[in-house]
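Modelling step: build the complete structure from the supplied sequences, incorporating the hints.
Respectively, the protein sequence lines represent chains G and R.
Be aware that the first sequence starts at 69, since it is given in the numbering used here, and climbs by one per residue.
Be aware that the second sequence starts at 56, since it is given in the numbering used here, and climbs by one per residue.
For the record, the hints were derived by calculation from the structure and aren't laboratory data.
Please note that a few of the clues may not be correct.
[Stated by the list, open to error] Estimated spans, in silico, between C-beta atoms of each pair:
1) G/G98 <-> R/A142: 43 to 49 Å
2) R/P188 <-> G/T142: 29 to 35 Å
3) R/A90 <-> G/G89: 50 to 56 Å
4) R/L166 <-> G/E144: 37 to 43 Å
5) G/I71 <-> R/G64: 36 to 42 Å
6) R/D212 <-> G/F106: 28 to 34 Å
7) R/A90 <-> G/W171: 37 to 43 Å
Everything numeric in this text was worked out from a predicted model, so none of it was measured.
Backbone N, C-alpha and C define an ideal beta-carbon position, used for all residues, glycine too.
Listed below, chain by chain, are the residues.
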Amino acid sequence: MLILTCPYCGVAADETELAPGGEAHLTRAGVESSDEDFEAYLFQRKNPKGVHFERWRHANGCGKWFHAARCTVTNEVFGTYPAQTLEPPKEILDEIVARRPGWTLETGP
Amino acid sequence: MSEPVSALGGAVFDGAVKVTELPPRAMFSLKGDLASKKIVKAATGLTGVDLPGPNSANGAGENGILWMAPDEILLMGPRTDQATAAARLEKALAGTHHLLADVSDARSVFLVEGEGSALREALARLTPADLHPEAFPVGAFRRTRLAQVPAALWMRDGSAVEVLVFRSVAAYVFGLLGHAAAGGSLSHF
Ligand SMILES: [Zn+2]
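In structure tokens, the structure reads:
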């Protein structure tokens with residue numbers, strides 16, 4: 069069972085109080101983009117074994133969307149952070165590196 | 056004006072813990088900057104209670120302010136002349152960015168009463184929220200779920216919790232609360 073602390077209201081929310089929103093930090097490809105880029109935006113998703121960044125909504129709660137960094141193998145939570153950002157904040161990245169030495173952020177699709 | 060009626064006509068379940076459907080209340084959803092003096096004044100002026108902090112609520116009788124989200128509060132009061140109350144709120148909020156909606160018909164309220172640990176145990180059968188007295192003291196308010204539906208719990212005092220749910224699921228929740236409150240081992244808190 070996953071417990072994520074909502075960065076807006078501070079509630080330690082149970083997985084069943086949350087709605088999953090899939091991979092975080094996607095770059096939206098619009099109508100002007102190439103077919104390949106648009107297809108990648110719509111369908112191509114990371115499926116890492118380990119550190120992953122996701123969107124969640126505190127649905128049975130304050131209703132806000134937020135981000136979470138967790139390990140897909142152990143469900144260890146590295147931290148949660150607000151939705152108003154295009155990339156994981158430094159303190160989250162530092163926390164991940166502290167617990168997973170050698171890990172680096174993969175950029176790009 | 057037609058007479059407002061509650062969803063279950065004031066249904067009561069009297070078990071190890073008592074469940075009572077409360078009469079209809081006036082409820083206003085107010086969204087905006089909760090640091091705004093005008094919004095605070097409008098809310099406290101109508102209800103007569105202080106603005107609560109995050110995850111808590113303040114109340115006196117049927118009046119109350121419930122902290123719903125960082126930018127949303129729910130104002131409650133007696134179900135009498137809510138048109139006047141709404142007009143009074145709009146007047147107090149004039150010129151301030153806000154969203155005000157009369158949601159008096161949206162929700163049902165249940166009063167769940169009993170000895171402290173039995174009360175917490177009965178509700179903990181239905182919600183994933185931590186209801187230990189340290190995590191959920193008197194005055195605490197939490198939006199969560201009861202079994203399969205969204206609900207809000209308000210610890211009014213050591214032996215009474217008000218449960219707010221959407222009116223359309225009032226019968227379902229009354230059934231749930233009745234089963235949870237019927238008895239069994241209620242002494243784990
Ligand atoms: Zn929240």
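Supplied distance hint 29 to 35 Å, evaluated on CB atoms of R/P188 and G/T142
31 Å, holds
Using the beta carbons of R/L166 and G/E144, state whether their distance is inside 37 to 43 Å or not.
41 Å, holds
Is the distance from the Cβ of R/A90 to the Cβ of G/W171 consistent with 37 to 43 Å?
39 Å, holds
Can the suggested window of 43 to 49 Å be confirmed for the beta-carbon pair G/G98 and R/A142?
Holds, since G/G98 and R/A142 (Cβ atoms, about 45 Å apart) stay within the stated range.
Okay, G/I71 versus R/G64 on CB: inside 36 to 42 Å?
39 Å, holds
Cβ separation of R/A90 and G/G89, checked against the hinted range 50 to 56 Å
Once the Cβ atoms are compared, 28 Å apart, the range 50 to 56 Å for G/G89 and R/A90 is violated.
Given a hinted range of 28 to 34 Å, is it respected by the beta-carbon distance of R/D212 and G/F106?
57 Å, violated
When each numbered hint is compared with the structure, violations occur for hints 3 and 6.
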